[in-house]
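**Student:** Now for the letters of each chain:
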Amino acid sequence: MAVIVDRDTRLVVQGLTGREGRFHGLRNRDYGTQVVAGVTPGKGGQDVDGVPVFDTVAEAVDEAGANTSMVFVPARFAADAIYEAVDAGIGTVICIAEGLPAHEMLRIYNYIRPCGITMLGPNCPGALSPGKANVGIIPAEIFREGAVGVVSRSGTLTYQIGHELTQRGLGNSTIVGIGGDPVVGSSFIDVLQRFEADDETELIVFVGEIGGDEEEKAAAFIETDVTKPVIAYIAGFTAPPGKTMGHAGAIISGSSGTAQAKKEALEARGVRVGTTPTEVADLAVEVAGARA
Amino acid sequence: MDLYEYQGKELFRRFGIPASEGRPASTPAEARAAAEELRGPVVVKAQVLSGGRGKAGGIKLADDPADAERKAEEILGLDINGHVVRKLWIEQASDIAKEYYLSLTFDRGAKQVLFMFTTEGGVEIEEVAAEKPEALARLHVDPLEGFQPYQARRLIYGAGVEDESEQKQIAAIVQRLYQCFVETDAMLCEINPLIVTPAGEVRALDSKFTVDDNALYKNPDIAEMRDPEAYPPEERAAREKGVTYVKLDGDVGILGNGAGLVMSTLDVIALVGGRPANFCDLGGGGDAQGVVDALEVITGDPQVRSILFNIFAGITRCDVVAQGILEALSQIAIEQPIVVRFDGTNAEEGRQILAEAAPPNLVVEPTMLDAARRAVELAA
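Taken in sequence, the protein lines are chains A and B.
Numbering-wise (the working numbering), the first sequence opens with residue 28 and increments by one.
Numbering-wise (the working numbering), the second sequence opens with residue 478 and increments by one.
Simulated from the structure, these hints should not be mistaken for lab results.
Hints may contain errors.
Computed footprint of chain A on chain B; a stretch qualifies when at least three of its residues, placed anywhere within it, have a C-beta under 8 Å from a C-beta of chain A [as the list claims (entries may be wrong)]:
#	segment
1	539 to 549
2	617 to 625
3	659 to 665
4	671 to 683
5	723 to 737
6	743 to 756
Selected chain A positions facing chain B (in silico; Cβ < 7 Å) [to be verified]:
#	residue
7	Gly-126
8	Asn-137
9	Leu-184
10	Gly-239
This one's a predicted model, so the numbers in the text were calculated from it and none came from an experiment.
Ideal Cβ positions, reconstructed from N, Cα and C, are used throughout, including at glycine.
My request is simple: use the sequences and hints to build the entire structure.
**Tutor:** And the structure:
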C-alpha cells in the first residue's frame, strides 16, 4: 500500500517549465511516477518532454486527471499555487518550494485542514514509496522496497538514515519528508497515523529535530495510538538557543524545543532514541530481526 | 530577525500603539543632546538583541542631560550576554503605577496566533505561567477569521482589568497589535511591561519583536532595520555571501548539505568528544563557488583547527563538491587539515577527483562517524 504517494498517484507539477521543476519532474517520471501534467500560466499547450503543460491546475485535473500536485514555483508564488491546486480538487499537495512566509502558511493550513487535504511541506524533500512512486527530490536510488516507514523534517538526514538502513538490508514502505518550516501541512502525528494503518509498514523510524513541540506530541500519540515499533532520532543537541539552524523551524526558543526535552519525552513513552544515525539503523535491525 | 527595542517601538507607533517618546544615540554626546531635546529625566537604555539588560546594568535613569551623558558612557561598550552595547535609546522617564504584559506569538502546535495577557507584568512570562497560571489570559485567533473585538474583551476580563479607561485603551492596543503582527509578518510581538501611568495612561514601555525572514521581501523597510554589526563577523561575512552559517564556540569547522544532516554532524562531533566551531549548510546546490564561499567563512574563524566536510548528496553531486574543495584550496590558503566524507550521488567520482589531486592535509573517510572521529583527532 505505502502512504501518500503510490501507483495511483497522478502528478501535476506546478512550475514544470522551470529549471528545477523540469529536472525533478522528469526524474520523478523516470522513476515510474505517473507525471500527467505541468502547469505554468501562459504556457498552456506546450509540453515538457511529452508531459502536457496547462495554464491552470483546473485544466490539469479535468483533462489529465491529476490528483496530486508538486509545487515547484518560487516562494512568493507558492501560496497562490497551493490555493489553486486545492480549489481545483487536488487531494494531495507536496510543496518542495522553500521560503514561504509563515503567516501565509498558517492561513493555508487552516484553509486546507477542514477540506481533508493532505499536504507535505513547504520546504520538504517530498515522499518516496520505493518501487511505486517518487514525488519530490529524494534520491530514489539510495532506497529499496521494504517495511520501514520513515518520517522526517529533513532531507539529507533522511538519506543518511535510509542509506544506513539499506546497507543493513532493510527497505522502506514510504519515506516522508514533512518539511523544516515552523508550520507545515502534515505533522508527525498525521504521518504516524498513516504508517500505523498501512499494511506494508512494520516498523517506523521517526526523525525529529529541535524547535516546536511536534516531537513531544508525537511521543504521546505513539504511546496511545501506535502499535508498531517506533525508533526515533533527534538532531540538534549541540544547537544554541535563539539561533535558527538552517531550517526556519529549527530554533530553540528560550528553554523550549530542545533536543534533550524531545528525547526525554520520547523515552518516557517507551520509544527508543538512537544517538547517531548509525545507532538508529542498528536499533532498526535489532527490532526488525526480533519481529522476523 | 530580531529587532531592537527602539525599532519595535517604531513599528508599534506606526500602528497606533502608544510608546514613550525617545531618541536613538550611539555616543555619550548624542545621549546628552537627546536628553536635552526630550527634557526632564530620561532613561538610558542599551539596545542589544538580548534579554537581561536591566540586570546587566544596561538600563539607567538619568536626572538631566549631563547625567544622561555619564550614564551613556557607563553603558556603551558593556557586554550583555555576549552582545557589546553600541546603541542606546534615550527615552522620557515614565511614572509607573501598574505593569501589565501583552504578547502575540505563533503557536506552532495549535497552528494559530496566540494572545497572552496578564496584569502580572514586568517579570518573565514563563514565571507567571508557572507560578500563577490563572493570572495569564490566553486566547487563540483563527488566522482566516482574523481578529474580532470580543477577543480583546475576553483577554481584558480574563486577566481582571477593572478600570474602564484602562479597558478601553487596552482593547485598542490589542486590536492594533494584531494588525501590527499580521502586517509586519511578525513571529513575536511582546510588550513587557505594558504600563499604566499614575494618570491612567496605558503604553508600551518595552518591545520584543521578531519578524519572519521569509517575509522580509514584502517589508523592505523592516528588512533595512537589520543591523549587520549585531552579529559575529563570521556570520556577517556568511550573510553577504549567502552562506547559511551559525557561529559556535568549538574548534572543528563543519560543512555539510542540508540542515538536518549538519545538525546531526555537530551532535556526532560532540559525541566523539569534540566541539563544533559552527553550523554551515551548503544547501541543495553545493556548486564550486558555494564551497569556496563557505570555506572562506569557516576559515575566517580563528578558533577552527580542523574542517569536516560531511556530504550526503541527493541533488548535490559529490564530484562538484570535490571540485569546489580543490578550487578553494587553489584560491585561499587553508592551513587546517580537511576531512571529507562523501556518500550519495557521484560519491565515487568525488573521491576519485580528490585522490588524483591528492592535496596535502586532506583525508577522505568512509563514514560519518569515522570522519567525525578523525576531524576531532586532528583538531586536538
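**Student:** Work down the list of hints and note, for each, if the structure agrees.
**Tutor:** Now the hints, each set against the structure:
no. : hint       : verdict
1   : 539 to 549 : violated (count 0)
2   : 617 to 625 : holds (count 3)
3   : 659 to 665 : holds (count 3)
4   : 671 to 683 : violated (count 0)
5   : 723 to 737 : holds (count 7)
6   : 743 to 756 : holds (count 8)
7   : Gly-126    : 5 Å, holds
8   : Asn-137    : 5 Å, holds
9   : Leu-184    : 3 Å, holds
10  : Gly-239    : 4 Å, holds
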